[in-house]
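Enquirer: Sequence:
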Amino acid sequence: MADFLREFGGHLLASDGALRRTLGALFRPGQLTLAYLNGQRRRYLTPLRLFLSISLLSLFLLHWLRPPVPAAPQTSAGHGTAAAPDSHVLEGVGIKLGVVNGEMVCEQIPTERCNYWRRRLAADPELLQDLERTSRSYRQATRQTIFLALAPSLALLLRAAYWRRRLPFGVHMVTALHVHCGWLPVLTVLVLFSRWWPSIDLPAGLLAAFTGLGFTAVSLQRVYGGRRWATGLRMGVLTLGYLLAFVLLAGAGATWSLRQTLL
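According to our numbering, the stretch in the sequence shown is residues 2 to 264, in order.
If you're looking for bench data, these hints aren't it; they were derived computationally from the structure.
Nothing here was measured: the structure is a model prediction, and the numbers come from that model.
Check the hints yourself; a few may be wrong.
Straight-line C-alpha distance at most 25 Å; calculated DMTMM-like pairs for lysine to aspartate or glutamate [claimed, not checked]:
#1 K97 - D125
#2 K97 - E133
#3 K97 - E127
#4 K97 - E108
#5 K97 - E113
#6 K97 - D131
Using the sequences and the accompanying hints, generate a full structural model.
Expert: As structure tokens, then:
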């Protein structure tokens, strides 16, 4: 991983100043998109390359910069290991497995698999915790795919919001990629702050939300033009549509992860 990042970073830095110019224009909302669409493409990194570069850096930081995990509390002598909880359920969209008040719950899972897990849980009450860790590892593997799908989703929403302009889909895709490139550093810093200082989670989240919405609104106004009140209305529709797309993709990813674990 370190060798890959070193080679990739060296390749970016050797882009004859393109990285410096790209980052300088990126954080002036809409300017990078306009410059790229107006024919100045050789002066900047391509939108996809910039998006993948920032995504890779964000994933690297989020993976490695974690606070130390506190040690598990020691059980007192004579008590043995802690008893399994009476209620512990693994749940996705249309699928559920777990124990509620000491009774096994198994929904939308084939009967033979339910019987299999019933025998396994009877033999090892802590198996649900192992299954949850396995499902979590699957979810982590799908997060990158879900995130990569968000940019095309926003591009489709932009095309719907500005359908009267009859613009090529590439214009919306470039705008969506640059908007995500502006969001990513803010979201990465927010997640890191919330990990290390949970007490500022709420104010940091509100600040990041307003920053992201403001960045997007200014970008759309500069790229697409039009009246500001119309841009504001479109922003409201885009925000709702984007949140819906995120929830659907995240739910699909979580359900797929759980099915991979249980079925």
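Enquirer: None of the hints should be skipped; say for each whether it holds.
Expert: Evaluation of the provided hints:
no.	hint	result
1	K97 - D125	18 Å, holds
2	K97 - E133	12 Å, holds
3	K97 - E127	17 Å, holds
4	K97 - E108	5 Å, holds
5	K97 - E113	15 Å, holds
6	K97 - D131	16 Å, holds
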